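K.L.:
Quick note, the sequences are listed as chains X and Y, same order.
The numbering used here numbers the first residue of the first sequence as -4 and each following residue consecutively.
The numbering used here numbers the first residue of the second sequence as 103 and each following residue consecutively.
These are computed hints drawn from the structure, not numbers from a lab.
It cannot be assumed that every hint is accurate.
Unchecked claim - Across the chosen pairs, the derived CB separations fall in these ranges:
no., chain 1, residue 1, chain 2, residue 2, range
1, Y, L395, X, G15, 51 to 59 Å
2, X, A80, Y, A143, 18 to 26 Å
3, X, A80, Y, G289, 39 to 47 Å
4, Y, G114, X, L127, 53 to 61 Å
5, X, A307, Y, A322, 20 to 28 Å
6, X, R220, Y, A384, 17 to 25 Å
7, X, L96, Y, E212, 16 to 24 Å
8, Y, P117, X, E219, 46 to 54 Å
9, X, R220, Y, A380, 22 to 30 Å
10, Y, G148, X, W110, 37 to 45 Å
11, Y, G148, X, R302, 44 to 52 Å
12, Y, P116, X, R304, 35 to 43 Å
Note that the structure is predicted; figures quoted are calculated from it, not measured.
Each residue gets a CB set at the ideal place from its N, CA and C atoms; glycine is no exception.
So you can see what is in the structure, the chains are spelled out below.
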Amino acid sequence: MTAREGRRGGGERPVVPRAGFTSYYGRPVLNAPTWEARDIAGYLFLGGLAGSSSLLAAGAHRTGRPRLGRAAKAGACGGAALSLAALVHDLGRPARFLHMLRVLKPTSPMNLGSWLLAGYAPLAAGAALSDLSGRYRRAGAAATAGAAALGPAVTTYTAVLLSDTAVPSWHAAYRQLPFAFAGSGATAAAGLGLLAAPVREAGPARRLALFGAALETAATSLLERRTGLAAEPYRTGRARPLMRAARALTAGGALLAAGPGRRSRGAAAVAGAALLTGSAALRFGVFHAGVASAEDPRYTVVPQRERLRARAHER
Amino acid sequence: MTASGPPPGTDGSPPRMGFFTDTSVCIGCKACEVACKEWNAIPEDGLLLTGMSYDNTGHLGADTWRHVAFVEQRRTPGADPGGVDVFRAAAHLGAAGGPAPADAQTAPAELRWLMSSDVCKHCTHAACLDVCPTGSLFRTEFGTVVVQEDICNGCGYCVPACPYGVIDQRRGDGRAWKCTLCYDRLGAGAEPACAKACPTDSIQFGALDDLRERAAVRVAQLHADGVTDARLYGESPQDGVGGAGAFFLLLDEPEVYGLPPDPVVTTRDLPAMWRCAAAAAATLAAGAAAAFLGRRR
Chain X
-4 MTAREGRRGG
6 GERPVVPRAG
16 FTSYYGRPVL
26 NAPTWEARDI
36 AGYLFLGGLA
46 GSSSLLAAGA
56 HRTGRPRLGR
66 AAKAGACGGA
76 ALSLAALVHD
86 LGRPARFLHM
96 LRVLKPTSPM
106 NLGSWLLAGY
116 APLAAGAALS
126 DLSGRYRRAG
136 AAATAGAAAL
146 GPAVTTYTAV
156 LLSDTAVPSW
166 HAAYRQLPFA
176 FAGSGATAAA
186 GLGLLAAPVR
196 EAGPARRLAL
206 FGAALETAAT
216 SLLERRTGLA
226 AEPYRTGRAR
236 PLMRAARALT
246 AGGALLAAGP
256 GRRSRGAAAV
266 AGAALLTGSA
276 ALRFGVFHAG
286 VASAEDPRYT
296 VVPQRERLRA
306 RAHER
Chain Y
103 MTASGPPPGT
113 DGSPPRMGFF
123 TDTSVCIGCK
133 ACEVACKEWN
143 AIPEDGLLLT
153 GMSYDNTGHL
163 GADTWRHVAF
173 VEQRRTPGAD
183 PGGVDVFRAA
193 AHLGAAGGPA
203 PADAQTAPAE
213 LRWLMSSDVC
223 KHCTHAACLD
233 VCPTGSLFRT
243 EFGTVVVQED
253 ICNGCGYCVP
263 ACPYGVIDQR
273 RGDGRAWKCT
283 LCYDRLGAGA
293 EPACAKACPT
303 DSIQFGALDD
313 LRERAAVRVA
323 QLHADGVTDA
333 RLYGESPQDG
343 VGGAGAFFLL
353 LDEPEVYGLP
363 PDPVVTTRDL
373 PAMWRCAAAA
383 AATLAAGAAA
393 AFLGRRR
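Bound-form chain X, shown alone (with noise of 0.2 Å):
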């Protein structure tokens, strides 16, 4: 074994030497996250459900459909919770988990992702206790509107929380993980909402599942096709089945929805339930396509090398 095991190309040596890279014995450059794709992953998908949740709840509340509104603030408020219990479960001193409060580091995506949680999940939870109990409506009405108000940033800044590495599969994306997550957020809150109410009730939720899953689709399209190299762990491995498997329940859980779900309850939960599950693979498979490209050199070394290469040409 040699250190030069990285390279490709067999014997040959290759004529253009572009197409080469070295690497340590082939030993990845990174560390790879130490995270658990449960609890991370998870995270990330109920953030998602929880954020958007938030604004179908609000828009349902203003509108006046109750058990929509219902479903969303339980989902909102179950989704916080959770992610939360998640990302301390995933903690190596979970008892320490308020030292992410000691200081405000705009630097740290995750320092400011618990700052927002910490203002987002008692709105979110004060919204759907209220509602539940049908107590303090005034209190609910405002929580709901302040938890939609921070919606959206729970939502998307997890996108921020795996770019912000140098995890090349997540970094290199980092202008399409956001798009891809907001449209994620919306499908799973649609999910939910056309799983746990009447159809007459879900129409918001119908046209909410189409927004996202066009969103969705469309930015991961563009993630495949812009970010270079580092688009093929999302293409292989254990990330393949999952991103597969999130465009087709996504695509197909939304058509459905918008068609026989306008009308038959059964295919409005069949239809929500392909959205869920559609939203977590994304989850899923981008946590698995970001480790891939952590443990092999390749995706580390060769973007670098072109990246001098051109440097060099330009001077």
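Starting from the structure of chain X, add chain Y where the hints point.
P.N.:
For chain Y alone, coordinates are given in the frame of chain X:
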């Protein structure tokens, strides 16, 4: 966007301290690894045989703060370096009848052994420090980057943020650990354990400005001696991390030693990331609002 603050040494604090690791005189003795482990009381990091030359340490991590890389190369003068089958080469050593028989296509090949002691770079713009949500990672008065172990809550964010794969989470302990540039020794006016133990002065410790001057002289001397492959890595304040506090003299491309060729602090793009996320959040809010407009069902 970084939380690095003013450059050390400009406000009455001690000068920025660092390492210059001159790999051209590294003999691969691993005294640095041992001294680091001993002084910092780092747990055992696995007793494995990797098959990677004499490197059974593998990679920097939570329990490995110095790592000596061993690279075996066969180089034909004037040609692109290639791999070497050391066992075949070794089989010819001491064979009767003088030198080894020449290989048909690659003769005359020369065996080259590169050794390099890797360490945390103590970046000017340190991604681990920037992304740390608790403020556990901080910049010392010596311009180094250190984890406060009573603050770290083991979120693990610094691990994928590091462009060099240095910091890692310790299993069973949960917290993140890495080289402190022997912060405790520096405070007492002593040099770090690895530099103290290095028998060839491959690891040189000092004020970063002095080290940069020394390194420039050394690389010029090597070039004059015909070692044209010698190059400095991480010494330039213009690079993607604003210059490393621990930089190197290498004899081949950085990736040969497992180092990234053009590392960039991830937070350089953070303002653009927040802008994209804000645009996506606005799109989502608009989409949700639109879903409630129009028809009443």
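K.L.:
Each hint should be assessed against the structure and marked as holding or not.
P.N.:
Okay, the hints, checked on the actual structure:
1. A beta carbon spacing of about 56 Å between L395 of chain Y and G15 of chain X agrees with the range 51 to 59 Å that was offered as a hint.
2. Checked against the hint of 18 to 26 Å, the C-beta distance between A80 of chain X and A143 of chain Y comes to roughly 34 Å, which is inconsistent with it.
3. In this structure the hint that A80 of chain X and G289 of chain Y lie 39 to 47 Å apart at CB holds, the actual value being about 41 Å.
4. Take G114 of chain Y and L127 of chain X: their Cβ atoms lie about 60 Å apart, and the range 53 to 61 Å holds.
5. Between A307 of chain X and A322 of chain Y the C-beta distance comes to about 21 Å, which sits within the given range of 20 to 28 Å.
6. Remark: the range hint 17 to 25 Å for R220 of chain X to A384 of chain Y is upheld by a beta-carbon distance near 23 Å.
7. Restraint check, L96 of chain X to E212 of chain Y: a C-beta distance of roughly 59 Å breaks the suggested window 16 to 24 Å.
8. Between P117 of chain Y and E219 of chain X the beta carbons are some 48 Å apart, a value that agrees with the proposed interval 46 to 54 Å.
9. The hinted window of 22 to 30 Å between R220 of chain X and A380 of chain Y holds, with their beta carbons roughly 23 Å apart.
10. Judged by the Cβ atoms, the range 37 to 45 Å given for G148 of chain Y and W110 of chain X holds: they are separated by roughly 38 Å.
11. With their beta carbons about 34 Å apart, G148 of chain Y and R302 of chain X fall outside the hinted range of 44 to 52 Å.
12. Take P116 of chain Y and R304 of chain X: their Cβ atoms lie about 39 Å apart, and the range 35 to 43 Å holds.
Of the hints listed earlier, those the structure fails to meet are numbers 2, 7, 11, in rising order.
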